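Using my numbering, read the sequence shown as starting at 1 and increasing by one per residue.
Errors might be hidden in some of the hints.
Said to hold, decoys possible - For lysine to aspartate or glutamate, the following EDC-like pairs were computed, each having C-alpha atoms within a straight-line distance of at most 16 Å:
hint, residue 1, residue 2
1, 131, 150
2, 177, 125
3, 91, 53
Don't read these hints as lab results, they were simulated from the structure.
Note that this is a predicted model, so its numbers are computed, not measured.
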Amino acid sequence: MLYTLILFTFMNMFQSPNVIFKFESGSSTKGWQIVDDRVMGGRSQGNFSVNSESFGVFEGYVTTENNGGFSSLRYNFDGIKTAGFEFIVLKIKGDGKSYQFRLKSSDNQRQSYIYTFSTTGLEQDIIIPLKDFYPSFRGRILDIPNFDADQIEQIAFLIGNKTKELFSLKIKSISLK
Numbered sequence: 001m002l003y004t005l006i007l008f009t010f011m012n013m014f015q016s017p018n019v020i021f022k023f024e025s026g027s028s029t030k031g032w033q034i035v036d037d038r039v040m041g042g043r044s045q046g047n048f049s050v051n052s053e054s055f056g057v058f059e060g061y062v063t064t065e066n067n068g069g070f071s072s073l074r075y076n077f078d079g080i081k082t083a084g085f086e087f088i089v090l091k092i093k094g095d096g097k098s099y100q101f102r103l104k105s106s107d108n109q110r111q112s113y114i115y116t117f118s119t120t121g122l123e124q125d126i127i128i129p130l131k132d133f134y135p136s137f138r139g140r141i142l143d144i145p146n147f148d149a150d151q152i153e154q155i156a157f158l159i160g161n162k163t164k165e166l167f168s169l170k171i172k173s174i175s176l177k
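From just these sequences and the hints, can you work out the full model?
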């Protein structure tokens, strides 16, 4: 009986996702950083907080005034190995708008690897193959391979739909699977 329990636990270790971040009761926004188009003279503004339902809430407004048009939320962490994982799983509740999810294999890497997803207004599990993240730098797609690194050190959410809009994205967790 003990052998069966140990074997079951051992096998589930390899089948359960590797959590990058999960919001729970008492979660903090420490380590999360808002970066808006204000860094280049724009006027968009994002905010980040944890609500009473234990969602991280990325919300605000985007405007194209002053050549602006984006708001982003970033999280840097010690590298998490991607070996043995094929997907990123986002547990979110959106507002019906499109967002980008971005990866970097190192904090100082210039390019981001991007995947665009749409939200429905309901809670969703967005399952993204790691191989589908394409490289981009300052809005330009790069002629280099899609994401194939052995680790991730930064994740980000970005909204930049080239329109003036309010936004609200609720995040429950980000995992590797």
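Hint by hint, here is what the structure shows:
About 12 Å separates the Cα atoms of residue 131 and residue 150, which keeps this hinted pair within 16 Å; it holds. Taking the CA atoms of residue 177 and residue 125, the gap is near 12 Å; set against the 16 Å cutoff, the hint holds. Under the criterion of a C-alpha separation no larger than 16 Å, the hint pairing residue 91 with residue 53 is consistent with the structure, at around 14 Å.
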